[in-house]
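**Q** Protein chains in written order, with our numbering: chain F, 1 to 287; chain Y, 288 to 600.
It is worth saying that the hints were derived from the structure and are not from the lab. Note that the Cβ used here is the ideal one computed from N, Cα and C, for glycine as well. Be aware that one or more of the hints could be misleading.
Claimed, not checked - Restricting the straight-line Cα-Cα distance to at most 20 Å, the calculated cross-link-like pairs of lysine to any residue (SDA-like) are:
(1) F:188 with Y:386
(2) Y:390 with F:182
(3) Y:497 with F:83
(4) Y:581 with Y:333
(5) F:188 with Y:447
(6) Y:588 with Y:344
(7) Y:588 with Y:358
(8) Y:401 with Y:442
(9) Y:390 with F:211
(10) Y:390 with F:171
(11) Y:401 with Y:437
(12) F:211 with F:130
(13) Y:521 with Y:497
(14) F:71 with F:125
(15) F:188 with Y:588
(16) F:188 with Y:432
(17) Y:497 with F:169
(18) Y:588 with Y:346
(19) F:188 with Y:444
(20) F:188 with Y:389
(21) Y:401 with Y:497
(22) F:211 with F:80
(23) Y:390 with F:106
(24) Y:497 with F:168
(25) F:188 with Y:448
(26) Y:497 with F:249
(27) Y:581 with Y:340
(28) F:188 with Y:483
(29) F:130 with F:93
(30) F:62 with F:83
(31) Y:581 with Y:397
Said to hold, decoys possible - To list a few chain Y residues with every Cβ distance to chain F over 10 Å, as calculated:
(32) 377
(33) 405
(34) 409
(35) 433
(36) 444
(37) 450
(38) 457
(39) 468
(40) 489
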Amino acid sequence: MFSNERAGKILNVAALSILSALALSAPCVAQSLQSPPAEEMLEKLARVPTPVVERRNLEGYKGQNGILSVKTLVLGGEFRVTTVVPFRGNLAEYNHLEIARPISLVGSALSAEVSNRQVAKIKSQFESRKIFESVAVIDSYSPALNGAQHDQLRVEPDDTHREENESLEAPIGSAEDMEARDRQMALKERELERLSTRTLVTVIEVLDYAKGSRLKQALSLDLGKSILTVRLRYYDKTTGQEIGRQIISGRSDGSSLLGPLAPRDALSGVADGLVDQVTRRIAASAK
Amino acid sequence: MFIGAAAILATQLVVAQAIQQSSPRAQNTNAQGDDDTITIDAALVNTHVSVRDGRGHSVSGLNKDDFTVLDEGNEQPIIHFSQESNQPLRMAIVVDRSRSVEKVLALAQIAARKFFSSVLRPGTDRACVVAFDSGAYLAQDFTDDASVLATALSRLTAAGGTSMFDAIYKTSRDKLSGSDQARRVILLVTDGDDTTSRASIEQAMQMALKNNVTVYALRLPDENSLNVRDLRGKPVLDRLTETTGGRQFYFDGDTSRLAEFFNSLQTEIRSQYSIGYRFQSGSLARRFHRITIKVKAPNLKAFTRSGYYAGSE
Chain F
1 MFSNERAGKI LNVAALSILS ALALSAPCVA QSLQSPPAEE MLEKLARVPT
51 PVVERRNLEG YKGQNGILSV KTLVLGGEFR VTTVVPFRGN LAEYNHLEIA
101 RPISLVGSAL SAEVSNRQVA KIKSQFESRK IFESVAVIDS YSPALNGAQH
151 DQLRVEPDDT HREENESLEA PIGSAEDMEA RDRQMALKER ELERLSTRTL
201 VTVIEVLDYA KGSRLKQALS LDLGKSILTV RLRYYDKTTG QEIGRQIISG
251 RSDGSSLLGP LAPRDALSGV ADGLVDQVTR RIAASAK
Chain Y
288 MFIGAAAILA TQLVVAQAIQ QSSPRAQNTN AQGDDDTITI DAALVNTHVS
338 VRDGRGHSVS GLNKDDFTVL DEGNEQPIIH FSQESNQPLR MAIVVDRSRS
388 VEKVLALAQI AARKFFSSVL RPGTDRACVV AFDSGAYLAQ DFTDDASVLA
438 TALSRLTAAG GTSMFDAIYK TSRDKLSGSD QARRVILLVT DGDDTTSRAS
488 IEQAMQMALK NNVTVYALRL PDENSLNVRD LRGKPVLDRL TETTGGRQFY
538 FDGDTSRLAE FFNSLQTEIR SQYSIGYRFQ SGSLARRFHR ITIKVKAPNL
588 KAFTRSGYYA GSE
């Protein structure tokens with residue numbers, strides 16, 4: 001299925017011949033394989049202060065090759081991206097990011113622990129990139145609900161009569177008119193504030209998940225693949241409008257240089273893919 | 288010769304009829320009297336006059352013979368003269384609550400509260416609170432209770448643009464019109480920088496003059512100006528106050544100076560002279576009539592509204 005499968009197997013054979021190198025890196029690899037509990041990781045990430053936005057550093061960003069890159073060839077965790085709904089608007093206008101917890105469309109195959117680990121990975125990667133003022137994890141997002149609230153704010157009944165009330169022919173306004181005007185102004189200010197701090201929301205739907213087995217991968221029989229396929233929907237939080245949709249597939253099959261000992265899995269691939277897709281669009285807008 | 292005399296008589300009759308039509312008082316007088324009688328009393332012009340010495344202090348105790356009244360440059364005989372310190376006041380404090388004075392709104396509120404407590408006489412005077420941003424609102428209707436007025440002031444918050452001319456126009460028209468003998472005063476508390484009015488400054492002044500309203504202004508510092516004393520609002524407020532017979536005061540937050548201003552304002556309002564004269568029929572040729580009042584004594588200067596609209600007297 002993947003074009004670099006053969007090349008990966010050759011590299012796998014080569015990996016066996018450099019066991020000495022592996023021995024040196026063994027403690028690091030072992031550490032990477034022992035993932036800390038997801039809840040603990042999320043809590044730890046939540047304590048991390050808001051990073052400073054550094055979008056200027058993205059000027060030279062060229063995007064990441066999900067299959068043929070040194071990272072994936074050595075450490076595994078390749079990814080593939082299909083854009084289903086092309087992006088609308090300018091992602092650089094969004095200062096905040098909210099990641100909704102993944103929705104499993106594969107039933108119990110996706111455990112809460114894996115789901116949390118995935119979100120934590122994505123969050124930490126975005127935070128290290130420093131392209132958003134804040135990155136938060138939310139339980140869920142309803143575009144219909146947010147859109148309705150937004151529309152309610154936009155239609156302000158008092159505003160339609162304002163011109164009339166303030167015309168020279170109109171009588172002097174009452175104290176109630178003034179209070180109504182204050183309420184109207186407060187609503188408008190709130191709306192402006194919301195618009196000036198635009199938030200991008202990503203909703204993750206898991207379409208396919210297989211944990212995989214490193215033992216089976218070591219057998220070199222094309223078994224034990226780790227697979228994660230997600231559908232990502234991107235929303236403008238304020239308006240509830242969908243601004244893009246993608247499918248990202250992550251995979252790790254022991255074909256990398258480090259073989260079954262490669263620290264990266266399918267989850268890493270998906271996280272890389274998502275972060276890369278958002279980053280490259282922000283970089284393009286910044287140019 | 289006969290034709291010329293007839294033409295002059297006909298012109299006088301037309302002008303006299305114009306006076307009757309332009310004045311509600313003229314119609315009332317005419318309904319009671321003989322149909323052939325034209326009563327010129329209908330066109331009585333009344334104006335309030337403040338007299339200040341060289342140091343700006345109000346001067347009282349003058350009499351009719353100390354004044355000269357000119358209507359469009361023509362001297363007019365004074366038919367009514369008084370100095371009534373107990374004349375009731377109808378005051379409107381018109382407070383700017385626009386964004387441009389957001390940081391000094393608290394100063395405006397302090398100023399207005401002091402104004403009520405120092406000037407308002409319970410049982411005699413009445414005041415109302417008008418707030419304006421891009422619209423004008425009656426925050427508190429007429430009352431003689433200073434605490435009620437103070438409460439209304441404390442509720443004001445900053446919002447929107449500055450429609451100062453609209454506020455003067457509507458306050459004069461809706462709250463200070465009428466034919467009672469009360470002195471009508473607007474105390475404008477603002478930085479004077481109008482941004483969103485529908486009315487022009489001329490329309491605002493015209494409405495104030497029509498209702499015999501004197502505009503005083505308490506100018507607030509403009510937070511956007513680097514040199515707070517060199518403000519865009521100053522010449523505008525100068526024009527508004529001088530045209531209506533009032534004056535302006537710059538309030539930099541020093542409440543002791545504010546008290547001084549209110550004392551002098553109170554003295555001025557209480558010591559104003561009321562002068563009445565009838566205009567000549569020939570002067571109806573122009574709608575706006577310029578009034579000039581001079582004091583014969585040296586070093587004294589009279590301040591009154593700049594003129595009146597013939598149809599409104």
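**Q** For every hint, state whether the structure bears it out.
**A** A quick look at each hint next to the structure:
no., hint, result
1, F:188 with Y:386, "holds, 15 Å"
2, Y:390 with F:182, "holds, 17 Å"
3, Y:497 with F:83, "violated, 72 Å"
4, Y:581 with Y:333, "holds, 15 Å"
5, F:188 with Y:447, "holds, 11 Å"
6, Y:588 with Y:344, "holds, 10 Å"
7, Y:588 with Y:358, "holds, 17 Å"
8, Y:401 with Y:442, "holds, 16 Å"
9, Y:390 with F:211, "violated, 62 Å"
10, Y:390 with F:171, "violated, 29 Å"
11, Y:401 with Y:437, "holds, 9 Å"
12, F:211 with F:130, "violated, 30 Å"
13, Y:521 with Y:497, "violated, 24 Å"
14, F:71 with F:125, "holds, 15 Å"
15, F:188 with Y:588, "violated, 51 Å"
16, F:188 with Y:432, "violated, 36 Å"
17, Y:497 with F:169, "holds, 17 Å"
18, Y:588 with Y:346, "holds, 9 Å"
19, F:188 with Y:444, "holds, 16 Å"
20, F:188 with Y:389, "holds, 18 Å"
21, Y:401 with Y:497, "violated, 29 Å"
22, F:211 with F:80, "holds, 18 Å"
23, Y:390 with F:106, "violated, 59 Å"
24, Y:497 with F:168, "holds, 16 Å"
25, F:188 with Y:448, "holds, 15 Å"
26, Y:497 with F:249, "violated, 80 Å"
27, Y:581 with Y:340, "holds, 13 Å"
28, F:188 with Y:483, "holds, 19 Å"
29, F:130 with F:93, "holds, 15 Å"
30, F:62 with F:83, "holds, 18 Å"
31, Y:581 with Y:397, "violated, 37 Å"
32, 377, "holds, 15 Å"
33, 405, "holds, 24 Å"
34, 409, "holds, 22 Å"
35, 433, "holds, 18 Å"
36, 444, "violated, 6 Å"
37, 450, "violated, 7 Å"
38, 457, "violated, 4 Å"
39, 468, "holds, 23 Å"
40, 489, "holds, 13 Å"
Going through the hint list in order, the structure does not satisfy hints 3, 9, 10, 12, 13, 15, 16, 21, 23, 26, 31, 36, 37 and 38.
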